[in-house]
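Novice: The residues making up each chain are set out below.
There are 2 protein chains.
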Amino acid sequence: MGRWEPDAESRFRAAALELFGEIGYEQTTVAAIAERAGLTSRTFFRYFTDKREVLFNGSERLQQIMVNALTQAPSDASVAEAIEAALISAGSFFEEALRPFARLRSSVILANTELRERELIKMATLASALAQALRARGADESDASLAAEAGIVVFRIAFLQWVSESEQGDYAQIVKDSLARLRVLTAR
Amino acid sequence: MGRWEPDAESRFRAAALELFGEIGYEQTTVAAIAERAGLTSRTFFRYFTDKREVLFNGSERLQQIMVNALTQAPSDASVAEAIEAALISAGSFFEEALRPFARLRSSVILANTELRERELIKMATLASALAQALRARGADESDASLAAEAGIVVFRIAFLQWVSESEQGDYAQIVKDSLARLRVLTAR
Numbered sequence: 001m002g003r004w005e006p007d008a009e010s011r012f013r014a015a016a017l018e019l020f021g022e023i024g025y026e027q028t029t030v031a032a033i034a035e036r037a038g039l040t041s042r043t044f045f046r047y048f049t050d051k052r053e054v055l056f057n058g059s060e061r062l063q064q065i066m067v068n069a070l071t072q073a074p075s076d077a078s079v080a081e082a083i084e085a086a087l088i089s090a091g092s093f094f095e096e097a098l099r100p101f102a103r104l105r106s107s108v109i110l111a112n113t114e115l116r117e118r119e120l121i122k123m124a125t126l127a128s129a130l131a132q133a134l135r136a137r138g139a140d141e142s143d144a145s146l147a148a149e150a151g152i153v154v155f156r157i158a159f160l161q162w163v164s165e166s167e168q169g170d171y172a173q174i175v176k177d178s179l180a181r182l183r184v185l186t187a188r
Numbered sequence: 001m002g003r004w005e006p007d008a009e010s011r012f013r014a015a016a017l018e019l020f021g022e023i024g025y026e027q028t029t030v031a032a033i034a035e036r037a038g039l040t041s042r043t044f045f046r047y048f049t050d051k052r053e054v055l056f057n058g059s060e061r062l063q064q065i066m067v068n069a070l071t072q073a074p075s076d077a078s079v080a081e082a083i084e085a086a087l088i089s090a091g092s093f094f095e096e097a098l099r100p101f102a103r104l105r106s107s108v109i110l111a112n113t114e115l116r117e118r119e120l121i122k123m124a125t126l127a128s129a130l131a132q133a134l135r136a137r138g139a140d141e142s143d144a145s146l147a148a149e150a151g152i153v154v155f156r157i158a159f160l161q162w163v164s165e166s167e168q169g170d171y172a173q174i175v176k177d178s179l180a181r182l183r184v185l186t187a188r
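Each protein sequence line maps, in turn, to chains A and B.
First residue of the first sequence: 1, per the numbering used here; consecutive thereafter.
First residue of the second sequence: 1, per the numbering used here; consecutive thereafter.
Treat the hints with care, since some could be wrong.
Heads up, the list lumps identical chains together, so a pair's fine if it works in one copy or across two of them.
Derived pair list, reagent style BS3-like, types lysine-lysine, alpha-carbon separation capped at 30 Å [stated by the list, open to error]:
id, residue 1, residue 2
1, Lys-122, Lys-51
2, Lys-176, Lys-122
3, Lys-176, Lys-51
Read the hints as simulated data drawn from the structure, not as lab findings.
Only chain A is shown next, with the shape it has when bound in the complex (with noise of 0.2 Å):
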C-alpha cells in the first residue's frame, strides 16, 4: 500500500479514461479507476486529489513551456511573434503519441458541463500568464493582453482541429495555418 509503483500515474489516467469514456465521468469512481489500473485509491491520492485532477493535471506543464517559450524569443521579436513562439513551443506538449488520451480527454470534457467549465478557466489562467510575460518584455498594457488571449483562441480552436476525429496534421502545422487564416480574418 502506498508504495512506489513503476508508472501509476499513467496507468491510472489511462484507467480513467477508459472508464470515463466507458460509463461517464460522473459514474465513475476513484475505487473503480484504482481497480481498473490494478492498484490502490490510496496510491491513486498519491498523484491527484480527484479524478477530476486526472484530466487536468498536465496543464501546470503546458503552461510553462508556452511561457519559457514566450520569454526565451528573441528580444527583438515582436509581440505576434513571441505569442506565436508560445504557441507553437506546446508541439512538444502535444506529440502524436498524445494524441488518442487527448480524444478522449476532449470528448469527455465536452460532454460534462463542469469540466467545460474548468477548462475555460484553465484557458484563462493561460492567457493570464502569457500576457505578464509580454508584459515582462515591455509590451504595452492592452497590446499583450489583445495578443494573449487572441492566442489562446488560435490555440484552443488550432487543439480542437489537432483532436478531431479525421485530423492527421501536427500540431505545428494546424496552429500555423490557425495563425494564417485569422490574420487573413482580421485584415482589411
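Chain B: place on chain A using the hints.
Specialist: Chain B alone, transformed into the frame defined by chain A:
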C-alpha cells in the same frame, strides 16, 4: 407584498450594487438588498432567482442585440465586417448612463473568483451564439469560431477599458480602436 412596484428591478439592482461595494458580495443577503431598496424579499424573487442574477441577467438581452446585428449585416459583408457590426451594436446596451453601474459591477466581479468564472462562461456562450449566427450566414465552420472568439476577446478588452476608472471615450470608439490594434498585432 408581491404587488407590482414601479421600477422595482432597477431599485433592487442599485441597492444590491451599493451593498456589494460596501460590505462585499458574499456578505450581502437578499433580505439586506430588499431592505435597502425599500421593498420585500418576496418581490425580489419576482425579478431575480438569486443575488448573482442581479449582475448577470442583462446578458441575454446583450446577446440578442449582438446576434441580431450580425444576422442583419449586409449579405455581402465579410465575416470580419459582420463581427464588427455585432461588437458595435453592443453600444446601444453600453450607454453612457450605464457606465457607473458597469464600473461597480466590474469591480464586484473582479473581486470574486466564482463571479469571474461565471462571467467567463457567459462570454463563451456569447461567442458560441455569434459563431452559430456566422455559420447561418454561410461562414466556414472554423472561420466562424475563430472570428467569433477573437471578436469576444476584443469585446472583453474594450469593455474593461470602457469601465476603467479614468476612461472617458465611448464604447463604440473603444471597440473600433481595439479592433484596429488587433489588426496591427496580427499583421505580418
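Novice: When the structure is checked against the list of hints, which entries are broken? Sort them ascending.
Specialist: 3
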